[in-house]
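Starting from the structure of chain X, add chain S where the hints point.
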Amino acid sequence: MANGTIAFDTLTTSDSVNTGTEKSIDTSYLLNGSAKTHNRFNFDGNTVTGSFNQSSVSDIGTGEYQATYTNNMSNANYTIMMSVGLDDGTENDYVYAVGTRRSVLPTTSTVNVQSSQESGNGSGGADADLVMHSILGDLA
Amino acid sequence: MTIKTPKFQGTHLWDRLCWAKENLEGKQSDYRIVWEDPDKPEECSKVTVPDPNWMACALQGGILPPVEVYWLLAEDEAKPDFKKHTRGYLLHNTKPVEAMTEEQAIEYLIMKDIPQRVWRNYDKANKPRLVICKKDQLPSTREWRNAWKIDENVVNLEEVA
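Protein sequences, first through last, are from chains X and S. Converting from the first sequence to the numbering used here requires adding 256 to each position, the first position being numbered 1. Converting from the second sequence to the numbering used here requires adding 792 to each position, the first position being numbered 1.
Okay, chain S solo, but in the shape it has when bound:
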């Protein structure tokens, strides 16, 4: 049965998440985002795992704020005199985003949780630094985990070392 999202604009985001936890089944995504930080080329690849409860919210729609809200809060926090957020209301009062497909949710998640220097112009770098793959495309064991790097020969988003 499909459950309808209440009109949540103006409702505290945390309360919306409580509603979602109570009413939505978590969605374990098979997608993984593999990325490397261009400012730290000596570091291994990172692997971002979507949270199942968050993914359920993204697929449901009407719960999560636009990703731009998180950018504004990050800008506030980056200021040297930052003490605490004074624009938290943006999370709660901005019109929530509509339902996304799983692929759209992954794109949203990249823009929310991965540094902008990684994904902005990611396709213009001289080596791949961001790849979306399926979980079973990751190495099967975590031996040498700290040596994982994206295969430089990756030519599309479905191939990963």
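So that you can see chain X by itself, here it is in the shape it has in the complex:
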């Protein structure tokens, strides 16, 4: 496969199929709006099952991991999106909570993610099969 570069500042479409109104978007908007890292971790399997721009995941304890990035973020004021789910063969309604670890702020190279059976009651972490996060922000 040949590798090449297409340099452009603005992407424009006539949008003739839908509205017929021309629309444009800055390339920098696309770059800034794309996820800079993502991770999908399975506690039971102790395995990363999907990822980009991270070097490792450390299993810190029940329901908690620390992800470390390969390309640091520029600063620690970035946005983290998370999700958690179970794949335990049971179909009744049951939703876990997930968030950044209390009092462990993200750094430019790491984020600590904790999943729990209940949010806000100090019940401690709980392992889940599908714990996921992605990050938006500026790269170093």
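Derived by calculation from the structure, the hints in this document are not laboratory data. Where is the CB? At the ideal position from N, CA and C, for every residue including glycine. Wrong hints could be hidden among the right ones.
Only some residues are given here: those of chain S computed to face chain X with a beta carbon under 8 angstroms [claimed, not checked]:
1. 816
2. 820
3. 840
4. 841
5. 877
Frame of chain X; chain S shown alone:
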């Protein structure tokens, strides 16, 4: 078929990772790094899992910066007046490291992602605090996960509680 890494020095590291994602097969390592923080002896053992895409980059060579670059950035971030990185170019402009074996990559990962207080002089501590093992040497269930500790009788890097 072996694919050749482009000359990446000076290319943004994130762009290199995009190239790797497109061209390299992820490598799920069987190695796990089990460690304990000497500053937090009451805490359980941590288990570091190498990322498969990162491992593929390490094995390929010519993509990842030297680990010392990460130390410099960590020093910058530890300063009290830190706002944002101003030496991110070190990630992109420093000559990338050559291809590593999986074992060398694990050593690099220890020095990159585990606190220095854990691995510096790890072999001189009065109890083991860093062990490299295979995934199947970990406990088979996560029951009592928060009580996991490295067996004090571990005598080499192939044995773990």
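Any hints this thing doesn't respect? Which numbers, in order? 1
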